[in-house]
Each structure stands twice: as structure tokens, then as C-alpha cells.
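Undergrad: Sequence:
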Amino acid sequence: MTGTQQKHGRTLPVTDLSLVVLIGASGSGKSTFARRHFKPTEIISSDFCRGLVSDDENDQSATKDAFDVLHYIAGKRLAAGRRTVVDATSVQSESRKQLIELAREHDVLPIAIVLDVPEEVCAERNATRTDRADMPRRVIQRHTRELRRSLRHLEREGFRKVHILRGVEDIEHATIVTEKRFNDLTHLTGPFDIVGDIHGCASELESLLGKLGYVDGSHPEGRTAVFVGDLVDRGPDSPGVLRRVMSMVGSGDALCVPGNHENKYGRYLKGRNVQHTHGLAETVAQMEGESEEFKKEVREFIDGLVSHYVLDGGRLVVCHAGLPEKYHGRTSGRVRSHALYGDTTGETDEFGLPVRYPWAEDYRGRAAVVYGHTPVPTATWLNNTICLDTGAVFGGRLTALRWPERELVDVPAEQVWYEPARPLVTEAPGGHEGRPLDLADVHGRRVVETRHAGRVSVREENAAAALEVMSRFAIDPRLLPYLPPTMAPTATSHIEGYLEHPAEAFAQYKEDGVARVVCEEKHMGSRAVALVCRDADAARERFGVDGPTGSLYTRTGRPFFDDEARTELVLGRIREAMTAAGLWAELDTDWVLLDAELMPWSLKASGLLRTQYAAVGAASGAVFPGALAALEGAAARGVDVGDLLGEQRERAADAAAFTEAYRRYCWPTEGLDGVRLAPFQILAVRGRSLAALPHDEQLALIDRLVEFDVSGLLQTTRRLFVDTGDEASVRAGIDWWLEMTGRGGEGMVVKPVGAVVRWGRPRYSEAESGGEKGRLVQPGIKCRGREYLRIIYGPEYTRPENLARLRGRFLNHKRSLALREYALGLEALDRLAEGEPLWRVHEAVFGVLALESEPVDPRL
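Each residue of the sequence shown is one higher than the one before, starting from 1 at the first, in the UniProt record's numbering.
Among the hints, erroneous ones may be present.
As the list claims (entries may be wrong) - Label pairs and their computed distance ranges (CB to CB):
#1 Ala634 <-> Ala465: 47 to 55 angstroms
#2 Glu405 <-> Ala507: 42 to 50 angstroms
#3 Glu405 <-> Glu42: 32 to 40 angstroms
#4 Arg558 <-> Pro40: 49 to 57 angstroms
#5 Asp343 <-> Glu293: 47 to 55 angstroms
#6 Pro191 <-> Phe294: 27 to 35 angstroms
#7 Thr374 <-> Arg334: 16 to 24 angstroms
#8 Pro13 <-> Glu405: 36 to 44 angstroms
#9 Arg558 <-> Thr374: 35 to 43 angstroms
#10 Gly210 <-> Lys76: 47 to 55 angstroms
#11 Pro377 <-> Ser816: 44 to 52 angstroms
#12 Gly808 <-> Arg558: 30 to 38 angstroms
#13 Pro377 <-> Glu42: 15 to 23 angstroms
#14 Pro40 <-> Gln275: 48 to 56 angstroms
It should be emphasised that the hints constitute simulated quantities derived from the structure, not laboratory data.
No residue lacks a Cβ here, since even glycine has one placed at the ideal position from N, Cα and C.
Construct all of the structure, not just a fragment, from the sequences and the given hints.
TA: Below you can see the structure in the form of C-alpha cells.
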């Protein structure tokens with residue numbers, strides 16, 4: 001029996017994630033006790049479930065169905081990590097057995113709280129209840145008898161804690177105190193230095209701690225070491241390793257989880273019969289010279305180790321042998337066993353060693369899992385998991401991971417201390433990726449968590465459409481880390497003759513609190529994303545591809561060129577400009593992701609031009625000359641066709657303007673001759689997303705890139721900065737747009753200079769945002785020229801009656817779509833920069849593509 005006796009009653013510790021079973025006869029006060037001490041949502045009452053299935057909480061014939069419902073709801077809550085309280089009599093061992101099995105199934109602690117109330121009190125209480133007044137006394141007698149018979153067996157049945165409250169007063173004065181699980185250290189946010197398997201290599205451990213900045217086991221900047229276990233066996237100085245680690249843990253400078261070797265040595269210290277294999281004999285021999293007091297301290301230290309830790313707000317899990325997400329933060333023998341030994345396929349390899357089940361290949365958890373146990377030549381991230389056992393005792397290296405920096409630090413072994421049963425074989429560069437993508441990652445309705453806009457939902461039908469495009473037409477997903485969002489147009493203008501006008505864009509940003517914007521020339525080409533690696537080795541190491549040095553693709557993920565040779569030629573010219581401009585070194589990267597526009601428009605849209613635009617131009621060219629000639633001839637003969645002739649001349653002029661509009665953006669190309677690429681933003685580089693870099697700084701970097709391009713491929717983007725609160729500056733912005741569109745330009749995009757802006761405030765870093773709430777401001781508003789819009793809305797859209805109708809266009813859905821896609825794009829860049837696995841990056845990328853299939857006016 002557990003529970004602390006205090007002056008005013010007993011304090012009952014109850015674990016935060018557990019299955020709490022209230023046990024007591026009918027009338028013992030279980031429901032009242034539950035309501036007093038637990039949340040209403042935590043409590044599942046058998047009476048309530050009986051009412052759910054039969055409309056009568058006292059219908060005993062519905063008991064079986066009621067408990068099916070109870071077990072189902074309890075299972076769902078436990079699966080979701082929610083404490084659950086079962087309010088039922090539970091005086092029979094068989095009913096308790098099912099609940100204990102449910103707790104084991106979900107790897108949570110079963111806790112019993114017994115309300116042992118005299119039979120007379122239970123009977124009196126039932127007599128005052130209208131729904132229980134006719135309950136036979138023998139039922140209460142049976143409950144009481146079964147309860148008393150069960151008390152001494154509860155712990156043996158499997159309850160990890162048993163609290164027995166005897167009598168009404170004991171129950172009235174009891175207090176529930178919620179305890180955190182031992183493995184729940186989510187409040188510790190680091191920074192951490194996670195050290196791989198040491199195996200008695202004390203000298204290497206001291207070298208690594210020194211390299212990490214520790215002085216006599218303590219870090220001057222307050223960092224915490226975390227050891228993944230296997231401190232002992234095989235190496236030359238297991239006592240030295242234990243002494244150092246135990247000292248650091250004792251002083252609060254380190255945490256440690258147990259390895260299977262500590263577990264075995266701990267059993268040896270307790271006098272258990274264990275085989276002296278796999279290095280245990282060396283540890284036993286080395287410890288013979290140590291005092292009994294030290295051995296006792298070691299035994300107690302090993303006994304106190306927790307199977308795994310959940311750290312940094314749930315973002316980090318540290319264990320010895322790896323742990324699937326379903327076991328994170330759970331407490332059971334099964335969880336401990338998996339954390340110590342991992343899982344195997346049941347087979348053995350040619351060296352007689354068990355074949356480990358590749359759980360990390362299927363891992364899709366939110367938390368990064370850092371572990372050891374199985375030696376690998378180099379520590380490599382796989383699906384947000386990493387093994388730090390790099391075989392120090394076998395002559396490899398002792399490795400640590402700095403968190404949250406995700407940097408690896410290691411020192412070489414001083415020698416081969418123990419010959420491995422399986423040779424450490426170096427993997428080929430770009431090593432095994434497991435199963436990077438899976439249909440389950442994108443299929444069906446999805447909700448993507450973004451740090452800039454919260455949850456973004458993707459409908460099942462949109463996901464299906466995106467899957468069709470991605471699987472049939474898109475480039476290699478490893479080279480598709482980002483898709484650009486759609487862009488909303490400016491609010492509809494009421495200036496005579498205009499559907500879109502810059503005045504509305506400036507006014508919108510002023511209203512949003514954006515003081516300074518940049519107007520960027522809108523190139524009439526095709527949106528392009530260029531992923532450029534410094535060389536093939538960089539592409540292989542970061543993106544796991546052999547051959548390509550990057551990619552060039554459209555806003556729907558399709559390749560721009562049918563042949564890889566032209567793609568590589570474009571990438572090569574960008575790469576040469578990056579080198580000449582010194583941007584590789586300045587940005588400290590070996591790859592760069594660029595947002596750009598590829599011209600001419602006809603390069604990628606030739607089919608659309610032929611079937612849609614040129615067809616209209618050809619038809620009008622064929623029809624209007626003849627029609628006008630006929631009407632002019634009729635007028636010459638005195639026929640009154642004045643109004644009709646004037647109308648047809650106006651229509652002919654509109655058609656000619658339409659043809660001239662689309663022809664401006666078409667020109668012949670041969671190879672790369674005539675092709676132009678206008679980059680306007682550096683999206684990401686190694687280890688950093690640059691999406692929040694202010695646009696003036698972005699454009700300065702882009703200008704240098706274009707300046708050092710000797711091939712003539714790259715083209716600058718004209719821009720003008722405007723103060724939204726200064727009428728003269730706004731007027732200058734409008735005049736700039738009028739001049740540019742008057743010369744046949746497409747228009748411009750107006751953007752906040754501060755890049756990522758929320759409620760008019762630029763967010764340059766996650767730390768500076770401080771969890772800032774409120775809507776995102778549109779990242780850009782396109783303002784298209786009057787003549788260019790003929791291509792979009794038709795040759796005659798400028799007629800007053802057509803403009804009046806078009807001014808009723810609905811923009812809210814387009815704006816919402818733009819913001820959702822923008823948030824997903826930012827999330828993809830953040831995940832890419834943070835080194836998250838491909839499936840996590842593609843969750844956001846796929847979401848952008850899926851939202852593109854939402855029904856919206858394509859002319860916007």
C-alpha cells in the first residue's frame with residue numbers, strides 16, 4: 001500500500017499518464033471521489049456507458065456492451081497519452097484483469113485506488129438515491145466481500161501502485177498529487193551534448209568532453225551531457241568511465257540512460273547468474289580492485305537509470321537502442337526492453353549476430369531519436385533518428401551530438417581495444433536512406449503543423465490530385481525541397497479603365513502596418529526553382545542523389561527541360577557565378593535554393609500559346625479585316641452602319657492589342673541561347689532558411705550573383721522601394737508601374753521589405769517572434785498591367801460594361817490560399833534547413849501542390 005499520511009489526510013501520488021482504476025462497492029463514493037479529484041474528461045463511468053448503449057444507467061442487461069464502450073474509450077485516451085480514470089465497482093478480479101491488460105497494451109501504469117467503506121454506509125447512501133433505492137442488500141454484501149478478498153492480491157495482479165482508503169473520513173481528507181513520469185524531462189531544454197557508446201574507453205571520453213568544452217565534468221556555458229548507455233565492458237577502463245559519468249550525473253551536469261551492458265553488469269552485482277561474455281569479464285576483472293562501497297554505488301546508480309528520456313519539450317528522445325514513437329514517454333517492461341535491446345527480425349547474419357529490425361526506416365515521429373547500441377561507421381541522420389555508436393572500442397570514433405545545433409563532434413579511438421564480431425564497413429557516400437517516402441505520409445486528409453500559421457488542412461480530394469501530379473510528372477522528390485506559393489492580386493481598382501492598380505496594393509500594406517515595401521518588376525516568364533549544389537559530392541551527401549548536381553523545376557514540380565544536359569548547363573552557369581561572386585564562402589554553404597523566373601514564357605508555355613492565345617489572335621486576324629472592309633464598303637454606299645462599324649473597329653483594336661500583348665513574351669531559343677533566368681530570392685542554404693532575410697539584403701546578394709555571371713543567362717530584377725505613408729513615394733511607385741507597363745511590361749510584385757511579416761512586424765528569427773500571434777501579412781501582391789490583363793481576361797475586358805462586371809471578382813479565397821501555401825512553403829524551408837528527413841520536408845511541399853488543386857478563379 002502506498003500513500004503519504006499527512007496532518008489533514010493522505011496524499012496519493014498518481015502518475016500523469018496512467019490508467020487509474022477506482023475500486024469499491026456500490027455506494028462507496030467512487031463517482032464523488034472522481035469528480036472531486038480528476039477532470040471530468042478524464043473520468044469514464046460504467047454507469048454513463050450503460051446509459052449510452054441503453055438509455056438507462058441501471059440496466060444491468062447492457063453491462064457487457066457498456067464495458068465494451070468503456071474499454072474502447074479508455075483505449076483511445078491512453079493511445080493519445082491522456083490519463084484515464086475508470087469509475088466502476090471493479091471488485092471482481094476478472095474485470096480488473098481486462099483493465100490491467102488495457103494498460104499494458106498502451107504501456108502505461110495501472111494504478112488502483114480502493115475505497116473501503118463499511119457495508120452499512122454503502123447501503124444508506126443507495127437508499128437515498130432514487131435510482132438505487134431498490135438495490136438488494138445482498139449485492140452490496142457481495143461487493144464488500146469480493147473487495148476485502150481482493151485487497152492483498154492487487155499488486156500481484158499487476159497494479160504498479162495501490163492506494164487503499166479505509167472509511168469515510170480517510171476518503172474525505174485524501175488529496176491526489178499528480179507525478180510526472182520518470183522519463184518525462186520535457187522541461188529540460190538543454191543545450192545538450194549526447195555521447196555515444198563508450199564501452200570503457202575512459203581516455204577517449206575525457207578527450208571528447210574536453211573537445212566539447214567541459215572542464216572537470218562541468219560545462220562553463222551550462223550545457224548538459226547525456227549518455228546513451230553501454231558505459232562498460234570491452235574497453236580498458238570501465239571503472240574510470242563509471243566514476244566520471246556517475247560524478248557528472250550526481251552533480252547535475254549529465255543525464256544517463258542504461259545500456260544492455262550496464263543492465264547485465266547490474267544483475268551480476270546483485271549476484272545473478274550471468275555469462276561473462278561480450279566484455280563483461282573485462283569489467284569484472286577491472287572492478288576487482290575497487291572498494292565495496294564503490295561497487296555498491298555503481299549498483300545503485302544502475303538501478304536508478306531510466307529506460308529513456310523525453311527532452312526539450314518533446315522534441316528529443318534519448319535511449320540506448322532506439323525507440324518507435326508509440327513507446328515515447330511510456331512506462332512498461334516492453335518499453336524498457338526495447339530501449340535496452342532494440343528489436344530483431346529473428347534471423348542471424350553470417351557472423352552469428354542477430355539481424356536488427358530496421359525500425360528507423362519507418363520512423364515518422366515528431367521527436368528526434370538519438371541512440372546507440374549497434375556500431376556504425378559514421379553517425380548519419382535517418383528519418384529524424386541518429387545512431388551515435390561509432391565503434392570507439394573497436395578502433396572507430398567516440399561521437400557526440402550537440403543539441404539543438406545538430407552538430408557532430410568526435411575523437412578517434414586511441415587503438416583497437418576489442419576486436420568486433422562484425423567488421424565496421426564504411427558505407428558508400430550518400431548512404432542508405434531507408435524508405436524516405438511512403439504513401440501514408442501524404443494520402444487522405446492531412447493536417448500539417450506549421451510554425452508560421454498553425455495547422456493547415458489538406459483535403460483528401462486535393463491530396464489525390466497532388467499525388468497524381470507528383471507521382472507521374474514531378475522530378476526526383478529528393479531534389480524537390482520546395483514549391484512556391486500562389487500569389488494574390490491587388491484589390492480591384494475603381495480607377496476608370498483599370499482593373500488592377502498599385503494604389504490598392506500600397507493602401508493594403510499601409511493598413512497592415514507595413515511602412516516600407518519593395519516593388520519588383522514582374523518578368524513574364526515561368527516561375528522556376530533552382531537547387532544548385534557546389535558539386536556532385538555535395539548533391540550526393542546532402543540530397544542522396546548520384547549524378548545530378550541539382551534541379552530546375554516549375555511551380556508544380558515538373559522539370560523545365562526534357563533533357564538533363566540542359567538542366568546541368570543552367571546549373572553550371574549559376575554555380576560558376578556563385579563561385580566568382582564568392583557566395584559559397586560568404587553563405588557558408590555547398591548548396592543554394594533560388595526562387596526565380598525563367599524566360600521566355602514561350603519556352604515552357606508553347607502548347608498553351610498555340611492552342612489558346614495564338615488561336616484567338618489568328619481568328620481575329622482572319623475575321624476582322626474582312627468584316628471591316630465589308631462595313632466600310634457599305635458605309636461608302638450610304639448604308640447606315642456607323643455604330644456597328646465603330647464597334648467593330650474597337651473590337652479589332654482590342655484583338656490587335658491582345659495579340660501584341662502575348663507576343664511580347666515570346667521569342668525563339670536554341671539550346672540556352674535566348675534563355676534568361678531572373679533570380680529574385682535565395683530561399684535556403686545549408687543549415688539556414690533565408691526566407692526571412694529582408695528583401696533589400698536579398699536583392700543585394702542577387703545583384704552580385706548576376707554581376708558575376710559571364711554567360712548572360714542571369715538577369716537582374718528592377719525594383720523600387722516605396723514608403724507607404726509618404727504620398728510622394730507612393731506617387732513615384734505608381735508612376736514607375738505606369739511607365740513599365742506602358743512599355744509592355746507585365747507589371748510588378750509589391751512585397752514588404754521585412755520579408756516574413758505578421759501584423760506589420762517583420763520576423764527575422766524564430767527567437768525574436770516570441771510566439772507572436774495574429775495573421776500573416778500577404779508576402780507579395782501582384783499588380784498586373786492594363787494591357788497584360790488582356791491575356792488573362794480577354795481582348796475586350798477593358799470595355800466599361802466588362803470592367804464593371806469583373807470588379808465583382810471574389811479575392812478572399814485566393815488570398816487565403818496564398819497565405820496557406822506560403823506558410824507551407826516556409827515550413828518546408830525550415831525543415832530542410834534543420835536537416836529533417838525527406839518525408840517531413842515533403843509533407844509541406846506536397847501540401848502546397850495539393851492546395852493548388854483547390855477550386856479558385858484561375859485568372860486571379
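Undergrad: Evaluate the given range 30 to 38 angstroms for the C-beta pair formed by Gly808 and Arg558.
TA: holds (34 angstroms)
Undergrad: Is the gap between the beta carbons of Glu405 and Ala507 within 42 to 50 angstroms?
TA: holds (44 angstroms)
Undergrad: Confirm or reject the claim that Thr374 and Arg334 have a C-beta distance inside 16 to 24 angstroms.
TA: At roughly 20 angstroms between Cβ atoms, Arg334 and Thr374 fall inside 16 to 24 angstroms, so the hint holds.
Undergrad: Is the gap between the beta carbons of Pro40 and Gln275 within 48 to 56 angstroms?
TA: holds (54 angstroms)
Undergrad: Between the beta carbons of Ala634 and Ala465, is the distance compatible with 47 to 55 angstroms?
TA: Given about 53 angstroms between the Cβ atoms, the range holds.
Undergrad: 49 to 57 angstroms was suggested as the range; check whether the CB atoms of Arg558 and Pro40 agree with it.
TA: holds (53 angstroms)
Undergrad: Tell me if the beta carbons of Asp343 and Glu293 are separated by a distance inside 47 to 55 angstroms.
TA: violated (38 angstroms)
Undergrad: For the pair Gly210 and Lys76, does the Cβ-Cβ distance stay inside 47 to 55 angstroms?
TA: holds (50 angstroms)
Undergrad: Do Pro191 and Phe294 keep their Cβ atoms within the hinted range of 27 to 35 angstroms?
TA: Cβ of Pro191 to Cβ of Phe294: about 31 angstroms, so the range 27 to 35 angstroms holds.
Undergrad: Does 32 to 40 angstroms hold as the CB distance between Glu405 and Glu42, or does it fail?
TA: holds (39 angstroms)
Undergrad: Verify the CB-CB distance for Pro377 and Ser816 against the hinted window 44 to 52 angstroms.
TA: holds (49 angstroms)
Undergrad: Regarding Pro377 and Glu42, is the given constraint of 15 to 23 angstroms on their beta-carbon distance met?
TA: With a Cβ separation near 48 angstroms, Pro377 and Glu42 fall outside 15 to 23 angstroms, so the hint is violated.
Against the hints set out earlier in the document, violations occur for numbers 5, 13.
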